[in-house]
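Using the sequences and the hints given, assemble the complete structure.
In order, the protein sequence lines correspond to chains A and B. Going by my numbering, the letters in the first sequence line up with residues 103 to 371, in that order. Going by my numbering, the letters in the second sequence line up with residues 103 to 371, in that order.
Please note that the accuracy of each hint is not assured.
Identical chains blur together in the list; that is why a pair holds if it fits in one copy or across any two.
No more than 25 angstroms apart at the CA atoms, straight line, and that leaves these computed lysine to any residue pairs for SDA-like [unchecked claim]:
(1) K179 / D194
(2) K167 / F184
(3) K167 / F276
(4) K179 / C231
(5) K179 / L208
(6) K179 / G117
These aren't lab readings, by the way, just hints derived from the structure by calculation.
There are 2 protein chains.
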Amino acid sequence: MGFVEDTRVERVADGRWSTTIAPGWDIGGNANGGYLLAVVGRALAEAAERPDPVTLTAHFLRPGKPGPAAIVAERVKAGRRFATVAGRLESDGGAIVQALATFGDLASADPGPERVSASPPDLPPPDACPRNAADDALAKSFMHQVDLRLHPDDVGFRRGAPSGEPRVRGWFRFADDAPIDTLALLLAVDAFPPTIFNARLPVGWVPTLELTAHVRARPEPGWLRCAFATRFVTGGFLEEDGELWDERGRLVAQSRQLALVPRARAAGA
Amino acid sequence: MGFVEDTRVERVADGRWSTTIAPGWDIGGNANGGYLLAVVGRALAEAAERPDPVTLTAHFLRPGKPGPAAIVAERVKAGRRFATVAGRLESDGGAIVQALATFGDLASADPGPERVSASPPDLPPPDACPRNAADDALAKSFMHQVDLRLHPDDVGFRRGAPSGEPRVRGWFRFADDAPIDTLALLLAVDAFPPTIFNARLPVGWVPTLELTAHVRARPEPGWLRCAFATRFVTGGFLEEDGELWDERGRLVAQSRQLALVPRARAAGA
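Given below as structure tokens:
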């Protein structure tokens, strides 16, 4: 199956959709967070009656296991250009993701004045960047869905030699080269390995509390250039800021997530 | 009155609070967005039964006019350390702010490893920074509640000479020097003039669609050092990223908002 099929939702009642958390998008048995965002986003887009998630926030409440699930959503306000919706992905086990989003139609956007003081990350061509973790026992199934090519300077963590910079840069596309629409951008903002893996800190895993994505434009066909970085590991939290650019060099999405910094698995570290 | 009194909420039923959008916190008749966040935040904190808004997202649906209002809120999940709540500020006129937040107790946080690759903004002392807009006809009442001292390099927009950099840096405290708790940080992240006023772009006002604040720590008493910047004005949108530091040089909050870039008031600009 592919991204569109595996994120399908079906309206079963007013404000209620059924779906299936598909197998094959998990990391160690739990569905990837970005995949869950895309599933929720697809139902919220229907609730909003607008195609593009201009800004979407999700709070992650518990892991999503493959199997039947439902989305409940409410349209809070519909204006001329935008509609705001609130909703939740849940299964028999309880609420998985709570979301709040404003949707619009980016095809009809009136750009107005533009000013950009940033550049896409400087990446070697995809073929010169190692593919991420297709052989990783935990991430294997997810990494067969997406094709991530990491900047050679940012892959040291895989062999126990983190770069020391909490940063991950790379290329993103679907493994089957399916088109990347604005719902797929919700997946892409949470598809890369955690930046913190490249810091020299005693940190094991980083559960995401919250992720907000701003979608600025519909991507042109082709690879996305992506960069994720962390500047503040403080107070038991870290943020991870993402930028996604399309092949025409246009920013298509920004993301920021707040994650917990758990102690390392080693006792007393 | 002061911040605490003017953001008071009263639980009137299960999941429902009454409040008053107080006069004196408005800009041109509409309550400041950060003030509304603090009002909503206070009710959500009660719903969460946790004091600190670790991450709070608000979508701004319509202006808040002074007068009676209500907050409806639902606790979506309560875990050991955090509780996630969703809620809405509304008045007779309809929904004003829709919010989603996760609360915790930052006093009991286990910091774990720390790593910061950023510094507080370099600001002249408060007395060497001009106070913002106490004489501005529109912002006058709000600017009597807060004491903003802007970096001298960032005030040019006031006299029609924007710096050219979409950036605003300055000091924040309450005019009555009331303590700044973590709910007050929600006000502080949206108290400064828009960064875009310092860009040389034909932009009049910038309505905020969405704002997310991450509260990292309870501030020490004293001034906050604040910095707001915009890197992407594209597709009719701009983001504004904020960092707030306390007097001990500790990051206490990060914020990002997504705002619309309306065309200038001049026709056909």
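Cross-check of the supplied hints:
In this homomeric assembly, K179 and D194 come within 25 angstroms of each other (Cα to Cα) only across copies, at 15 angstroms, whereas the closest approach inside a single copy is 29 angstroms. For the identical chains of this complex, K167 and F184 are inter-copy neighbours only, at 22 angstroms across copies versus 32 angstroms inside a copy, given an alpha-carbon limit of 25 angstroms. Proximity of K167 and F276 under a CA criterion of 25 angstroms is satisfied intra-copy only: 22 angstroms inside one chain copy versus 47 angstroms between copies. When the C-alpha separation of K179 and C231 is checked against a cutoff of 25 angstroms, the pair qualifies neither within a copy, at 44 angstroms, nor between copies, at 41 angstroms.
In this homomeric assembly, K179 and L208 come within 25 angstroms of each other (Cα to Cα) only inside a single copy, at 18 angstroms, whereas the closest approach across copies is 33 angstroms. For the homomeric pair K179 and G117, the shortest alpha-carbon distances inside one copy (14 angstroms) and between copies (21 angstroms) are both at most 25 angstroms.
Violated hint for the displayed structure: number 4, the only one.
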